[in-house]
Amino acid sequence: MKYSARWIALSVGAVVVGLGVVLAMQVGNDPRIDATKSQLVGQPAPELSLRALDGTAVDTNTLLGKAVIVNFWNSWCIPCRNELPALKEFANRYRDDPGVALVGIVRDDSTRAIKAYVKAEGIDWVIVTDPDSRAALDFATRGQPETFALDANGLITGAQIGPTTLRDLESLLGSAQGR
Amino acid sequence: MSLSARRIIPGLGLFVLMTVVAVWALWPTGGKVTINDRARDLAAELRCPDCEGLNVADSTTTSARSIRKDLLRRLKAGEDEAEIKNSYANRYGESILLNPDGGGLGILVWGLPVLLLVLGGVGITIAIMSRSRSTRLTPTESDREEVKKARGK
Amino acid sequence: MKAELGVLALALGASSAALGIVFLARGLIQKNDSFLIIGRRFVFGVLIAAVLAAGVMEWALVTHDFSLRYVAQNNASGTPLLFSITGLWAALEGSILLWLVVLGGYLAVTAWQFRHRTVDPLVAWATLIGLVVALFFFALVLGPANPFIKLASAPLDGQGPNPLLQNHPLMAFHPPMLYLGYVGFTVPFMFALAALITGRFGEGWLSDVRRTTIVAWTFLTIGVLLGAWWSYEVLGWGGYWAWDPVENASLLPWLTGTAFIHSVMVQERRGMLRVWNISLIVATFCLTILGTFLTRSGIINSVHSFTESGIGPWLLAFLAITAVTSIGLIAWRGDKLRTPGSIDSPFSREAAFLANNLLFAALAFVVLLGTVYPLLAEALRGQQLSVGSPYFNRMTTPIGLALLFLMAAAPALPWRAASSEVLRRRLLIPAWLAGLAMLGALILGVRDLTVLIVIGLGVFALAGIVRQVVVGARAERSSKGSLRAAGSLFRTNPRFYGGLVVHTGVIIIAMALAVSAAYSTKAEVRLSRGESAVLNDYRFTYLGTRVDVSPQKRVVKARVRIMRGDKDLGVYAPAVNIFPNATSAIGTPSVRTGLRADVYLTLISSPANGRKATLGIAIKPMVLWLWIGGGVIAIGATLAILPKRRRSVIVDKDPDSKRETISA
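Residue numbers (the working numbering), protein chains in the order written: chain A, 19 to 197; chain B, 294 to 446; chain C, 71 to 734.
With the rest of the complex left out, here is chain A (with noise of 0.2 Å):
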């Protein structure tokens, strides 16, 4: 009892000297960034059931045996925007592969508002509408853009939160092809 102050003082600040160890490890680790890894890769992609806007089934059947690079986005987007040259792009290129496939899932946004867009933009690849945001919840997106690539066992082999660029499609792609 008698040097209970000096016992509890250093013991309080042995504590104290954990935390700040603790709190030292942590400077310089931008939560967001790890915020924005996808827990989803490695793991069978989410069932999808959605419709084109042309009323033909997208489903994960039909997308098996293909890699996949699946693109949440929406037309008010100001990202979603500016990546678009990119999807183009990459849409230029693996148009004839049968191998490959681009899908464009829209993500909070009216079907009228996307069919003026995709209509202005002349976006040719599939684009499916998501009632109710099932599969951007299935998917677990944070926001838009954000864009997956799906091997041909519909596995989730990548991911990316935010636009991206050709070179990142290509290594999103890569990852689906087992490159």
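One or more hints might be untrue.
[What the hints assert, rightly or not] Using 30 Å as the maximum straight-line C-alpha spacing, the simulated BS3-like pairs for lysine-lysine come out as follows:
no., chain 1, residue 1, chain 2, residue 2
1, A, K106, A, K84
2, C, K682, A, K137
3, C, K682, B, K325
Calculated directly from the structure, the hints in this document are not laboratory data.
Given the coordinates of chain A, assemble chains B and C onto it according to the supplied hints.
Just chains B and C now, kept in the frame of chain A:
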């Protein structure tokens, strides 16, 4: 009215009053918890994925709104809260849960404050009890002598 | 030119602080009074230098001098004057300048307050420690957070302040208030350390810095509440407290500071708890630094972390040095500080203060643990976790209720010990009133348990306060009329009665918190022009949209008429602001403030091509009372620091104690 009755009645009345209040307040209302209530409570436990520091219930971002819809749909489909939270944690990562679960390291965050509060409370009580006992001096023989002498004068 | 002038001022300040430290240290070591007298004067040099540096920065901001990087990043040629001025604290580098001005001010006031005791080693040590703190902050602005860095070529226009910060005039007051609070705790801290170093831990230093402590506490309280208000009025999510790490960081020193203000009375009165009080003051100071670190280092996700920079390691190092030094000093001196007194009864004022301190410490611990737990989990397990409002609400509500109970009971307890007779006399009527109030609330249909308990405890505490004032006034009345008697109470014992006013404010806030949390309703409606929606007894009619375009922003306003019954409450316009320098739109809620309830409108999506608009509507009862309670606290705290009227006899702090104290 006797003196003791005057002393007892207000206290007794207070006891009765508090009992009435407690029973009434704790009486089950029978009002059923609706699925909307459950969805709202669940939304408050999920972190909004595209904003910082807000939960899904409070946020107005598009993904928060679609998660709210999804929660309602899943509850209606018969999934329970734990399942839904699990499936969100599996896809979005543990960090979407705002309420750290009590297992593993989580025991620290829930248990430590309680432990400290209990230890502190016990410590203070012991300190007061032991000191109040020790400060109550018992007169020794010589003290009594002194008093006697003083009175005798 | 301004850059050179600013750096010059900072260098002047840093060298003032350094010279002051050297002179004071020399004077203390060699016991040379003339060195102490000279050393003290450098405090004023620190203040002047800080004011100069901040003045230069304000000059640059107001004249939109974009050759300075700070100005270019936080100001634009179209920024209005008010937001140009507030630009000083819109980002990290500038806010350290403000910090320095405030610190210089506190140091100078303290130096002036102790002008007759310059050669007292306690005062000299305290001044020295204050100057060390100032030197650290000067080093920050001269090194990693220099606000006076010049751009190679000045841009034609700046980026403008962060949109969230140029949205509301409250932004002008919130950070300065917070800093006046944060920084103010430096004064008791430096005296606490000085007491440890000199070994003079009698009660003297405490009463010396009591007033400054209460001033700092008051500013911090106002700062925290203004932060909540800003969150409510600007961020647009409908709440005022999200348990965000940065909000928690401002709450933490408030909790330990509040504990200190209470436990210090035990020390003044009974000479006990010396180690504990010094620990609390050290903790409060360390928590202000920790808060700054968390806010500014960018290691935590938060809506409020506006800037990130390289000062994280500096602040952490400073925090570590401060904590280790203080704890080392306490460990070294701790056993000599052991208290002569003891607590006689669990039913005494001092026992209640002890319980109060335990609860405040627990509260601070919960908030701290919840805030740093994600970092702990990441470091120990590599796990990404969040701790959010469900955790904090569940943990803090019971502690808060227990504190409310203590607040009601403690002022009625006499010092040393109370007999059951005293407790009966003082608490019976308040308890009856509390029971009746709860019964009334139940009859009116209140079913929420927390709200009921808060109502009961609130009335209990309020009745106790009224009783105290009545008893006190009756004791005063012999010479005057009853109203004047009540008034003069505040002059004979400002601290006790001012404290009761503060408590009244806290009761108001507690009730507002409980009611607004339990009885808010919210809805999301899609309306076309002219269409109406009904929520509770309010009717909302969407009148149309107006777009205002100005150089700084494009504002889309949806006009909504609110009616309650047949009564027209006016047209409100929630808006979405689109700033050229921001990628996302920022919503501005429109709030119809009322004594009973606020109506909180947000524009969720603006109507494209004249179609439907999506509005968020929330009805939040009693929110206004949060701010009213804050005002009451500010008034009470001001009363508490008023100078005491001098009397020839010692005034008893507790009006009851003369007649009712029973010693064990």
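Original post:
Would the pair K682 (chain C) and K137 (chain A) pass a check requiring their Cα atoms to be no farther apart than 30 Å?
Top reply: Distance of about 24 Å is within 30 Å: holds.
Original post:
Hey, K106 (chain A) versus K84 (chain A), does the alpha-carbon distance stay inside 30 Å?
Top reply: holds, 19 Å
Original post:
Given the hinted pair K682 (chain C) and K325 (chain B), is their alpha-carbon gap at most 30 Å?
Top reply: Outside the cut-off at roughly 34 Å; violated.
Checked against the numbered hints given earlier, this structure breaks only hint 3.
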